[in-house]
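Dock chain B against the given chain A, drawing on the hints supplied.
Taken in order, these protein sequences are the chains called A and B.
84 is the number that our numbering gives to position 84 of the first sequence; each next residue is one higher, with no gaps.
18 is the number that our numbering gives to position 18 of the second sequence; each next residue is one higher, with no gaps.
Hint data in this document are derived by calculation from the structure and do not stem from the laboratory.
Some clues are possibly wrong.
Some but not every residue of chain B turned toward chain A, in silico, with C-beta under 10 Å [unchecked claim]:
1. Gln37
2. Gly42
3. Gly104
4. Gly106
5. Thr110
Positions of the beta carbon are idealized from the N, C-alpha and C atoms, including for glycine.
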Amino acid sequence: AQSVAQPEDQVNVAEGNPLTVKCTYSVSGNPYLFWYVQYPNRGLQFLLKYITGDNLVKGSYGFEAEFNKSQTSFHLKKPSALVSDSALYFCAVRGGISNTGKLIFGQGTTLQVKP
Amino acid sequence: EAQVTQNPRYLITVTGKKLTVTCSQNMNHEYMSWYRQDPGLGLRQIYYSMNVEVTDKGDVPEGYKVSRKEKRNFPLILESPSPNQTSLYFCASSVGVGTEAFFGQGTRLTVV
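Here chain A stands alone, though its shape is the one from the complex (with noise of 0.2 Å):
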């Protein structure tokens, strides 16, 4: 079965240290992976995406991610984290065999960056 797992509910940091959020993923065939971010009252906003190329894949806000294909990993990071980060964050996967579009979302990792 498909799945998602995000280890840590929250992940507190210093504003100006780097963060990391984890993701590990289970799937059949080549994964297509996503992160999201939600802030408090919005929808979801698309950070990055990982389909295929280059395992470290850039997005929006500084944001980045690692795709590590040995260990099913697609961990976010960023250099020097900012207190407006402060939000809800998702990974999610959508199989490569998958012809339905669904995308399987991990629970969720409250970031906290502290002044």
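Below, chain B without anything else, positioned relative to chain A:
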């Protein structure tokens, strides 16, 4: 502005009273879907549609109906809402199955 619009944003209703949550997108996307978000569970797909008049069940379809009579609209219908359908609902659309999804602002539904 490219967007997915859901209405209403907030709704409190009573058990058994039929309701519809509307969803409309202005990007000419073929693929649309509905998700519900519950604490600790992430988002789970309720129904999806790959084109006009083509809909199918997601992971948690029980108690919900959808229709896709026009490309831009994909309403979610709760014929007889129950308290376990209290949740935050999101509509999403995408160009195709391999592309990123655009999400609406969400509808917070409370069934009492």
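Comparing the hints with the structure gives:
Below 10 Å, beta-carbon pairs count as interface contacts, and Gln37 of chain B has one with chain A at about 9 Å; its hint therefore holds. The interface hint given for Gly42 of chain B is met, as the beta carbon of that residue sits about 4 Å from the closest beta carbon of chain A, less than 10 Å. Hint on Gly104 of chain B holds. Least Cβ distance to chain A is approximately 5 Å, under the 10 Å limit. Because the beta carbon of Gly106 of chain B sits about 5 Å from the nearest beta carbon in chain A, less than 10 Å, this interface hint is met.
Evaluation of the Thr110 of chain B hint against chain A yields a violated restraint, the C-beta minimum of about 15 Å exceeding 10 Å.
Violated hint: 5 only; the structure is consistent with all others.
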